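**Q** Take the given structure of chain A and dock chain B to it, following the hints.
If you read the protein sequences in the order shown, they are chains A and B.
The first sequence begins at 1 in our numbering and counts up one residue at a time.
The second sequence begins at 399 in our numbering and counts up one residue at a time.
The set of hints was computed from the structure by calculation and includes no laboratory data.
None of these values were measured; they are calculated from a predicted model.
Careful: at least some of the hints might be erroneous.
Claimed, not checked - A partial selection of chain B residues facing chain A, derived with a Cβ cut-off under 7 angstroms: (1) Asn449; (2) Asp455; (3) Ala468; (4) Gly479; (5) Leu480; (6) His483; (7) Val487; (8) Tyr510; (9) Gly512.
Claimed, not checked - Covered stretches of chain A (in silico footprint by chain B; criterion: 3 or more residues with CB under 8 angstroms from a CB of chain B, positions within the stretch not fixed): (10) 2-15; (11) 19-25; (12) 296-308; (13) 391-397.
Where is the CB? At the ideal position from N, CA and C, for every residue including glycine.
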Amino acid sequence: MSSPLSRLRLADLLPVATIGLRTRPGRAALSVLGVAIGIAAMVAVLGVTRSSQAEVLARLDRLGTNLLTVASAEPHGGDETQLPDNAGTSVARTEGVVAASATAQLNDLAVYRTDLVPAAHRGGLDVRATDTALLSTLDAAMLHGVFLDESTANYPVVVLGYKAATVLGIAGLTGDDRIWLGGRWFVVVGILDQVELAPEIDRAALVGFGVAASDLGWDGHPSRVYVRTDTTRTTEVAGMLPRAANPQAPSRVTVSRPSDVLSARLAVADATTSLFLGLGAVALLVGGIGIANVMVISVLERRGEVGLRRALGAARRHVAAQFVVESVLLGAVGGGTGVLLGAAVTVALAQNRGWQPIIPPEAAGLGLAAALLVGTVAGLYPALRAARMAPTEALRTA
Amino acid sequence: MTAALELVDVRKTYPGSPPVESVRGVDLTVHSGEMVAVVGPSGSGKSTLLNLAAGLDRPTSGSVRIAGEALEKLSERRLAGLRAHRLGVVFQQFFLLDHADARDNVAAGLLYRGVPARRRRAAAEQALEQVGLGHRMRHRARLLSGGERQRVAIARALIGRPAVLFADEPTGNLDSANGDAILQLLRDLNRDGATIVVITHDTHVAAAAQRQVTILDGRVAS
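Next up, chain A with everything else stripped away, as it sits in the complex:
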């Protein structure tokens, strides 16, 4: 007549495995801190990155990625050089181009608040001649007043870029705002809102082609053409534009895509994310070692309990399971705390920056899984030590 094997019900394993946590909650809290910090760091990094990327993507979506600028490849000391005088029209005729606007930087001109400002105080502002379609091509908006139109383009009126208006100290339109431009007064009829994809427009005072040619000595050559393309053909169109702008010397034309600057920020964010994820992984590893340490000490302290359990009929695997589950629970508590902490950091930071906070569910899931894995691995050695103890040894040394 042989006696049955000993067995521990699954429903009993959990209460047995939480004895250590229940009797020493302070120690348990300290031992999970490392894992919690590691997981929090990883979740926060992923959450913050995702939130900021979503912000950039939303901006790209809003601004569009189909804006191209065509300019000369060899600017003279920062000033734009001329394109052939029919560049604007031939660019506009190119297949895939939805809209095109030519502008010309008037290099020798400066703009002042009044005629009393010394000529050296240029304020970093440019004067640009532009066609009347610029507003719609850039998809820009007016902050005040109106843009240039066919009738005002021939008269001394000016539209100020957002930054230019600030520098000149013109906050709103009173009806008789004037600025001193090229040795004569110009009436300000409008102020543009910020144009994110064309910061050079922000810093410019814009005048019509007509008045530029008649009063400001413009020779009719554009220096920069803004192009909106068919959204699906932007890259293809970009390849065709140099020849359209300057058939004789296409290599002297450069075509750029301002939204690339924003896209580049996505790539940079990816690189920094990996770095911080690595740091989080190190914290997690250290946290796991912390749990293993605490578990080893705990097993040594509880030799008497281990011996008693063996005397009561616990098999080695029951003792091992008890300590592994305890360690896994420590990992789970650390992981859960870490996910909550990381989510809180993400929300706080996103709100601070005015982003929509996004906590990627896969980051929370992976964080928890990693914490459980760390808890399991950390518990294996202490659990095996406890299971290997001979009952008599455990009882005698307790």
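**A** Just chain B now, kept in the frame of chain A:
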């Protein structure tokens, strides 16, 4: 009468230089319903003998049989099963789970048999009544007196109706009044049918048993 415990030429040698022969060929038979005291001075090998008889350690040679089952033929897992189902041990240091109440401590005696918690607790309440602690069921173990703690430990060893109940110096940590009460309890349990082996160096304790076996230098002296 059937043999609850049977030791045949049991020897235990601890490795070292020189090796220590702690138990040197012990033959001992304890019948069901008996109460036997194993007496001997400290260092006589009686504690080693208890560990071997209670399946906590394995002999170097010889045979240990509990209720007809030869321990030396059992795997580690089978031996654990035998401890869970056939044996009860009471220690000098009680070994209670301090954070748990008396009832849960006693119920732990059935934990590794896979008995559901509700039935374990019901059986524990019965066992606590049996040792006279019916009024202490929900008291935490660390708040109980020494005598009460040993009663809880006895109830825990008893709850599974083991083939043999071993008690290692059960009165060693108690004053004489509490010690006598524990001895009386063990006698009462024996009268009700429990097979008990008490290991002690105290002749007063040994006198409580029907039969005394004296161990000296790892051998049965009388």
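**Q** Checking against the hints above, which ones are violated?
**A** Structure breaks hint 3 only.
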